[in-house]
Amino acid sequence: MPDIEPFSPRGMFHEGWTAEVNDYAIACGWALKGKQFIVGDVAGGIFAFEGDTGKIIWEKENTHSGGLLAMAIHPEGEIFATSGQDGNVQICNCHEGKVIKTLDLGKGWVEHLKWSNDGLFLAIASSKKVYVFNEIGEEKWISEDHPSTVSAITWSNKNELATACYGRVTFFDIVNNKTNQKLEWQGSLVSMELSPDGDIVACGSQDNSVHFWRRSTGMDAEMTGYPGKPSHLSFDDSGKLLATSGSERITVWSFIGNGPEGTMPGELCHHTEPISSLAFSNKGMLVASGSRDGSVVASFLKNDGNGDPVGAAFAGDLVGAISWRPDDCALAAVNAKGVVNVWKFKVRTNLFSKGFK
Amino acid sequence: MSIKDKVPVTILTGFLGSGKTTLLNRILSEEHGKRIAVIENEYGEVGIDQGLVINADEEVFEMSNGCICCTVRGDLIRVLGNLMKRRDKFDYVLVETTGLADPGPVAQTFFMDEEISSEFTLDGIVTLVDAAHIDQQLGRSDESSEQVAFADVLVLNKTDLVSDDALNTLESRLRDMNRMTRIIRAENAKVPIETVLNLSAFDLDQILKRRPTFLEPEYPFEWTGVYDLDAGKYELMLEEGPDPEMSLVALANQGESEEELKDGAESSVRLYAEKANSLDPGNTIPYGEHINLKLEDKGNKSFILNIEKQTKIGLFTQHTAEEFNMKVIKSDESKEIPFNTERFWQAEHEHDDEVGSIAIERFGDVDPEKLNTWMGRLLSEKGVDIFRTKGFISYLGNPRRIVFQGVHMLFTAQPDKEWGNEPRRNQLVFIGRNLNEKEMQEGFDKCLI
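Sequence lines, in order, name chains C and Z. Heads up, the first sequence is in the working numbering, so the first residue is 94 and it goes up one at a time. Heads up, the second sequence is in the working numbering, so the first residue is 118 and it goes up one at a time.
Just chain C, with the same shape it has in the complex (with noise of 0.2 Å):
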């Protein structure tokens, strides 16, 4: 096999930089193109690292009064948004971190944000109520008040946002402010992801379950079995392959053909502890994880949902996030500790420039 190329002894995990933050790192994520890492801890103290040195540009601090809760990083990745305890959220500039807006939703906590796919709005769950602003701070739509706290919200497509909370998902169209869709069910639902085409919507559940819907054909699936709650769920880049925590394994299940109705899910027992974070890689089957127990691991999925270790490190301490740079070629993990660590994450072939295929 004359195109594979060498590698250290970490497997796929290469030297790559760490950093510190002054509290336990709950958010994270790539800015400028990945030129560029944002850092945000439980304090609310927000760090921005050069993408490929680790060399500090800029860091501020009590960002949000009690506490920082989300984060999130516009698609360009110009502009990212924080929110908190104070009931605010900033939307600041990355180059500098300077705010641009301050919104103050009130009292309660702003656990929750999203960009849409295009940019153009942004997301905001607070307490039982939903906000939609656009980039530069104006509002555009409210919710009105869903009948449990929002515990997740993600876009379905540029005008339709998707809230969960107890007992129900329900789609928005923002921009005619009318209800497209309710999906109901007796439990309460503490994640959310859809697959990237939108017809599948899967929620974690405290009952220790996943529950998932199709919204092209209103059939839903329960899948039981899990120890602990789903916290954390990760949809591949084509949507067949979902990625679960829940215990100390990953489970996957697989979309492909009549699954995962009836299937077996793929394992992938790596951790001794439970998953504490999980994301796909931009493109390709690639899933990388993060335990309690410190270890970050990138896996190579199979289409049933199983597959091998490809790399592994430890990041010290409980692993809070976990994000891929937008070419994949770097993984970056913060622990509980506030300790960065960002990997290289080299090619395997030359045909293949960018992560796997």
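The set of hints was computed from the structure by calculation and includes no laboratory data. Incorrect hints may appear among the rest.
As the list claims (entries may be wrong) - Straight line, CA to CA, 30 Å or less: simulated DSSO-like cross-link-like pairs of lysine-lysine:
#1 C:200 to Z:418
#2 Z:206 to C:430
#3 Z:418 to C:153
#4 C:430 to Z:123
#5 Z:151 to C:430
#6 Z:415 to C:191
#7 C:221 to Z:206
#8 Z:418 to Z:350
#9 C:200 to Z:206
#10 C:222 to C:233
Stated by the list, open to error - If you only want the chain C side, here are some residues facing chain Z, beta carbon under 7 Å, derived:
#11 135
#12 241
#13 248
#14 279
#15 280
#16 281
#17 300
#18 319
#19 321
For every residue, glycine included, the Cβ atom is placed at its ideal position computed from N, Cα and C.
Given the structure of chain C, go ahead and fit chain Z onto it with the hints provided.
Structure of chain Z alone, referenced to chain C:
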């Protein structure tokens, strides 16, 4: 993570106006060296002065299986999930629920959610009751009796507004509902801080230390006196008392050690189960029979005790000797013979409330498999009505005692300290609604080896 590394959580419940916020402020303002994070569901009333305070609306999440034992509090999961990332900021958590909160889901959250139970441990449930109003509240709402049933500590607050007699009656009513709780009387929620924080309340040892008799069964008699009598004729003299009649069992050869007294009590319980024969004054008291002394007449009444040769007589009486000024007199000398030993028993009485406690105490070992089967069935059938369970179990062949604790259907069993020289035994307490004591005791007995 061991239990020592987990952050202890105290739950504060009680009806609106019972003084929760006053107690909370007192705890926060006192010097106790703890950094306390407060999760507050009750807004208004009195503000909280200091500390890390997080307001959250109560969100009760039932599961799709419809099982109330799986119901959890979503707001606590969210807030505690955030707090666990800020462990350096606090070392204790207090949750103040609303007055109408059902403590079940709050407690269950610490068992049901793996992320929460891996970081936090439920230290205790403290319920405040307004001494002046709790009687009516108990009649009107399930929440109120459930808050009493779940409590590890009951703070009987505002005692200055109620007479001592009324407090005693109230305390015994509350004690009936929850036998393992510790009751503390207070004015203006003024209680020593160590009585509400760091209780390790699930620790049954501590309860037994405080009240060694709380596991004791109830007896149909309140008192036993053992009299050392020579051969001869004696009279049992009684004055007027609270009842026009009194049940009694007299046993010959009654020993005075605790073990012998308990043996005697067991025999008497069996005799008490038989129909009593009425006995008018002046007649002779037979031994080993359930009799009913007729005491309607005014003044002193006397019954005869015949002793053929020196023996110790045990009198197991429905009421205490004091209540009738009961005396044993040697007939020919008119001399009172005092008892050698007396023993008071936990008396059986009417239980008015639906909510009550059942204690099971048995020496010996149990078969773990049989116990699991029995417990599993009991909790799946009655889990809704069983609020709390605590206990120690002796598993056959296991050198350690097993500690049980549960909330509704949820149950944990963990090995605890070694038995050593202690006699091996089983002690279980159930608190719940409309529990069938006899059935549960029989069920448990079948698990014994």
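Verification of the hints:
The straight-line distance between the Cα atoms of residue 200 of chain C and residue 418 of chain Z is roughly 77 Å, outside the 30 Å bound, and the hint therefore fails. For the suggested pair residue 206 of chain Z and residue 430 of chain C, the alpha carbons sit about 14 Å apart, so the restraint of at most 30 Å is met. Under the criterion of a C-alpha separation no larger than 30 Å, the hint pairing residue 418 of chain Z with residue 153 of chain C is inconsistent with the structure, at around 92 Å. Between residue 430 of chain C and residue 123 of chain Z the alpha-carbon distance is near 18 Å, which keeps this suggested pair within the 30 Å criterion.
Distance hint between residue 151 of chain Z and residue 430 of chain C is fulfilled; the C-alpha atoms sit about 23 Å from each other, no more than 30 Å. A C-alpha spacing of about 97 Å is found between residue 415 of chain Z and residue 191 of chain C, which places the hinted pair above 30 Å, so the restraint is violated. Note on residue 221 of chain C and residue 206 of chain Z: the hinted pairing holds, with a Cα-Cα distance of about 28 Å set against a maximum of 30 Å. Only pairs whose Cα atoms come within 30 Å are accepted, and residue 418 of chain Z paired with residue 350 of chain Z is accepted, the gap being roughly 16 Å.
Of the pairs offered as hints, the one joining residue 200 of chain C and residue 206 of chain Z holds, with about 22 Å between alpha carbons and a cut-off of 30 Å not exceeded. Proximity of residue 222 of chain C to residue 233 of chain C is assessed by CA-CA distance (about 14 Å); at most 30 Å being required, the pair is judged to hold. The interface hint given for residue 135 of chain C is met, as the beta carbon of that residue sits about 5 Å from the closest beta carbon of chain Z, less than 7 Å. The interface hint given for residue 241 of chain C is met, as the beta carbon of that residue sits about 5 Å from the closest beta carbon of chain Z, less than 7 Å.
Given hint, residue 248 of chain C at the interface with chain Z, is violated; its Cβ is 23 Å from that chain's nearest Cβ, farther than 7 Å. Interface restraint check: residue 279 of chain C against chain Z, minimum CB-CB distance 5 Å, threshold 7 Å, status holds. The beta carbon of residue 280 of chain C is positioned within 7 Å of a beta carbon in chain Z (closest approach about 4 Å), and the interface hint is therefore held. Taken as an interface hint, residue 281 of chain C checks out: its beta carbon lies about 4 Å from the nearest beta carbon of chain Z, inside 7 Å.
At its closest, the beta carbon of residue 300 of chain C sits 4 Å from a beta carbon of chain Z; the interface hint therefore holds under the 7 Å criterion. Below 7 Å, beta-carbon pairs count as interface contacts, and residue 319 of chain C has none with chain Z, the closest being about 10 Å; its hint is therefore violated. For residue 321 of chain C, the suggested interface contact is upheld, since its CB lies about 4 Å from the closest CB of chain Z, less than 7 Å.
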